[in-house]
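K.L.:
Using the sequences and the hints given, assemble the complete structure.
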Amino acid sequence: MPQFFLNKRLIILLVSIIILVALIGFSLRDRDQLTWPEQFVKDTSGWVQSLVSRPAHYVAGFFENLQDLQNTYQENEVLKKRLDNLARLEAEVHALNKDNEELRETLDVQGSLRSYEPTQAIVIARNPDRWHELLVINKGQANGIESDMAVITSKGLIGKVKNTTPFTATVQLLSSLDPKNRVSAVIQGEKNLFGTISGYDEEEGLLLLKGIPFDAEVKEEQVVETSGLGGVFPEGLQIGKVERVVPDEFGLNQTAYVKPEANFYDIKHVMVVERGMTQPPEGELTEGAEEEEL
Amino acid sequence: MSRFLLPILFAFLFIAESLFVQLFPADLFNNGSIFVPHFLWAAIFFLAIYGSTKSGILYGFVFGLLFDIVYTEIIGIYMFMFPVLTYLFSRVMKALQTNIVIVSLVSLLGIAVLEIGVYEILYLIHRTNMEFSAFATLRLYPTLLLNLVFIIIAAYPLRRRFERYADELRND
Numbered sequence: 001m002p003q004f005f006l007n008k009r010l011i012i013l014l015v016s017i018i019i020l021v022a023l024i025g026f027s028l029r030d031r032d033q034l035t036w037p038e039q040f041v042k043d044t045s046g047w048v049q050s051l052v053s054r055p056a057h058y059v060a061g062f063f064e065n066l067q068d069l070q071n072t073y074q075e076n077e078v079l080k081k082r083l084d085n086l087a088r089l090e091a092e093v094h095a096l097n098k099d100n101e102e103l104r105e106t107l108d109v110q111g112s113l114r115s116y117e118p119t120q121a122i123v124i125a126r127n128p129d130r131w132h133e134l135l136v137i138n139k140g141q142a143n144g145i146e147s148d149m150a151v152i153t154s155k156g157l158i159g160k161v162k163n164t165t166p167f168t169a170t171v172q173l174l175s176s177l178d179p180k181n182r183v184s185a186v187i188q189g190e191k192n193l194f195g196t197i198s199g200y201d202e203e204e205g206l207l208l209l210k211g212i213p214f215d216a217e218v219k220e221e222q223v224v225e226t227s228g229l230g231g232v233f234p235e236g237l238q239i240g241k242v243e244r245v246v247p248d249e250f251g252l253n254q255t256a257y258v259k260p261e262a263n264f265y266d267i268k269h270v271m272v273v274e275r276g277m278t279q280p281p282e283g284e285l286t287e288g289a290e291e292e293e294l
Numbered sequence: 001m002s003r004f005l006l007p008i009l010f011a012f013l014f015i016a017e018s019l020f021v022q023l024f025p026a027d028l029f030n031n032g033s034i035f036v037p038h039f040l041w042a043a044i045f046f047l048a049i050y051g052s053t054k055s056g057i058l059y060g061f062v063f064g065l066l067f068d069i070v071y072t073e074i075i076g077i078y079m080f081m082f083p084v085l086t087y088l089f090s091r092v093m094k095a096l097q098t099n100i101v102i103v104s105l106v107s108l109l110g111i112a113v114l115e116i117g118v119y120e121i122l123y124l125i126h127r128t129n130m131e132f133s134a135f136a137t138l139r140l141y142p143t144l145l146l147n148l149v150f151i152i153i154a155a156y157p158l159r160r161r162f163e164r165y166a167d168e169l170r171n172d
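Going down the list, the protein sequences come from chains X and D.
Be aware that the first sequence starts at 1, since it is given in my numbering, and climbs by one per residue.
Be aware that the second sequence starts at 1, since it is given in my numbering, and climbs by one per residue.
Keep in mind the hints are simulated off the structure, nothing from the lab.
All C-beta atoms, glycine included, are put in the ideal place defined by N, C-alpha and C.
One or more of the hints may lead you astray.
To be verified - Simulated restraints, written as ranges between beta carbons of each label pair:
#, chain 1, residue 1, chain 2, residue 2, range
1, D, Thr-137, X, Ser-115, 43 to 49 Å
2, X, Leu-252, D, Ile-125, 27 to 33 Å
3, D, Asn-129, X, Asp-215, 28 to 34 Å
As the list claims (entries may be wrong) - Taking lysine-lysine pairs in the DSBU-like style, the calculated list, with each CA pair at most 30 Å apart, reads:
#, chain 1, residue 1, chain 2, residue 2
4, X, Lys-139, X, Lys-180
5, X, Lys-259, X, Lys-81
6, X, Lys-259, X, Lys-219
7, D, Lys-54, X, Lys-8
8, D, Lys-94, X, Lys-8
9, X, Lys-155, X, Lys-98
P.N.:
Listed below in structure tokens is the structure:
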């Protein structure tokens, strides 16, 4: 069938399928950095988007404020009750902080996994197709943002920096389905239990915390935080609360379903967190040490 | 001035999609359904029908590539899907009347094919493990509903704009 192969459109289609596969393969492979044309396009569009998104948020915020006004009275009542407790709590935290500092000084401990430096950023775009849960924020390499830094809102951890360009950065949310998206976490309790957050149940909106020992007892409502042991995130960033626990497919471990504290949809302001304690260079780690993505 | 109007219009739709996802209340019906705006492709399809097929495919390619780089970071999927579907469905339209109702319905069909095509590619490369039935109820139907509303609102103005563009092309 010589005519069949001479068909120009068919050849164009075949060639474009080959290019498609090649390009997808190129973008899926492990790459540390985006290529410069991509960075250029992202920066340019980021600039335009930040011009548009701010006024849009102001307008949307105005309508939200109007809605809020309706509930103001009831909210005020509730908040007043909480306020009494708050003063007491604040004094307690202050005292504890001071205690902690003094004790650290006497023990001569420098730095902690908990220390971090936050950078404020505004969300300027979000992936509309929602397959890859990605956000674009208005701070980039110029502001000291690097890939793999943790990203939090006031409520808790939402994700990590995936890629950076000079003036923007892409944030991958915890809810996106990427096997590389893993966070080492701890369930707080009398005995701390460690595992990794990997995976997200889209239908229920719950995160999966895997690798908990099979004989560990986990109760509902226990708090899950980052453990800081992955070497990238600081310790003590809140993730969520345990909803239920099931044995995993082989019965060797347990998997906890964690209800995330932060809202993955309504995100406007985020903080990018730089870990205070530096990671030791790779050569210094002993060979037997467990390797983890995050 | 009118030469820049079209790129500006598409750039606006490109940004509007992302803004829409940020501002639209996510849990509108409280059942986890996901509304995906495909305003950009709908407009590109209208351009291909009422303006010229060639520029429709060209805009599809350029904005598909832009979409991939800026939003998904997997280059190729939308860059491939936008122009191919534009070409395919403009061929389908040759067999049908260019009635605004029919064009709107065909563009909605195109959005369904686009969404399913992207789902199949992502399923192939393990970026999603959603079952097809879950995909249909959680994503496909809400998405079609949302885009139907957009097409009803935008069909007439888009047609007028692109018909004028076609006139300009002829006069040049």
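K.L.:
Are the hints correct? Go through all of them and say.
P.N.:
Here is what the structure says about each hint:
1. Distance hint check for Thr-137/D and Ser-115/X: the Cβ-Cβ separation is about 46 Å, which falls inside the suggested range of 43 to 49 Å.
2. Checking the proposed 27 to 33 Å range against Leu-252/X and Ile-125/D shows it holds: the Cβ atoms sit about 29 Å from each other.
3. Distance hint check for Asn-129/D and Asp-215/X: the Cβ-Cβ separation is about 29 Å, which falls inside the suggested range of 28 to 34 Å.
4. Of the supplied pair hints, the one linking Lys-139/X and Lys-180/X holds, its CA atoms being roughly 23 Å apart against a limit of 30 Å.
5. Between Lys-259/X and Lys-81/X the alpha-carbon distance is near 27 Å, which keeps this suggested pair within the 30 Å criterion.
6. With a C-alpha separation of about 13 Å, the suggested pairing of Lys-259/X with Lys-219/X holds against the 30 Å cut-off.
7. For the proposed pair Lys-54/D and Lys-8/X, the alpha carbon gap of about 16 Å is at most 30 Å, so the pair holds.
8. At roughly 20 Å between alpha-carbon atoms, Lys-94/D and Lys-8/X fall within 30 Å of each other, so this suggested pair holds.
9. With a C-alpha separation of about 25 Å, the suggested pairing of Lys-155/X with Lys-98/X holds against the 30 Å cut-off.
In summary, the structure agrees with every hint in the numbered list given earlier.
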